[in-house]
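*Asks:* Sequence:
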Amino acid sequence: MTRYACLEHWEERYKKDPEPFDWFNKYPALKPFLLSAGLEEGHDILMLGCGTSRFDLCYICIRPCSYVYGYVY
Numbered sequence: 001m002t003r004y005a006c007l008e009h010w011e012e013r014y015k016k017d018p019e020p021f022d023w024f025n026k027y028p029a030l031k032p033f034l035l036s037a038g039l040e041e042g043h044d045i046l047m048l049g050c051g052t053s054r055f056d057l058c059y060i061c062i063r064p065c066s067y068v069y070g071y072v073y
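Here the sequence shown stands for residues 1 to 73, where the numbers follow UniProt numbering.
Source of the hints: derived by calculation from the structure; they are not laboratory data. Heads up, the beta-carbon is just placed ideally off N, CA and C, and yes, glycines get one too. Among the hints, a few may not be true.
What the hints assert, rightly or not - Simulated restraints on C-beta separations:
#1 Gly-51 with Lys-31: 34 to 42 Å
#2 Glu-12 with Gly-42: 33 to 41 Å
#3 Lys-15 with Gly-42: 14 to 22 Å
#4 Pro-18 with Leu-48: 27 to 35 Å
#5 Lys-31 with Thr-2: 29 to 37 Å
#6 Glu-19 with Leu-48: 29 to 37 Å
#7 Leu-48 with Lys-16: 36 to 44 Å
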């Protein structure tokens, strides 16, 4: 588990597999929960440790006036 805290681990991982990846679940599976949580157009989202996730692009498609801020290491 400690390797996840090392920048070198993530740099190597994304060199080997640069394709988009979502650790928890893909956006279609999460969409009903996000919408029921009250996220509305214009709400901003901060995604810490987003890696190569495409979640931000999917969310913006349904909430075009929102901003999704992603932070990687």
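*Asks:* Against this structure, judge whether each hint is valid.
*Replies:* Hints, one by one, checked against the model:
| no. | hint | in the structure |
| --- | --- | --- |
| 1 | Gly-51 with Lys-31: 34 to 42 Å | violated (20 Å) |
| 2 | Glu-12 with Gly-42: 33 to 41 Å | holds (38 Å) |
| 3 | Lys-15 with Gly-42: 14 to 22 Å | violated (37 Å) |
| 4 | Pro-18 with Leu-48: 27 to 35 Å | violated (21 Å) |
| 5 | Lys-31 with Thr-2: 29 to 37 Å | holds (34 Å) |
| 6 | Glu-19 with Leu-48: 29 to 37 Å | violated (21 Å) |
| 7 | Leu-48 with Lys-16: 36 to 44 Å | violated (23 Å) |
Hints 1, 3, 4, 6, 7 from the list above are not met by this structure, while the remaining hints are.
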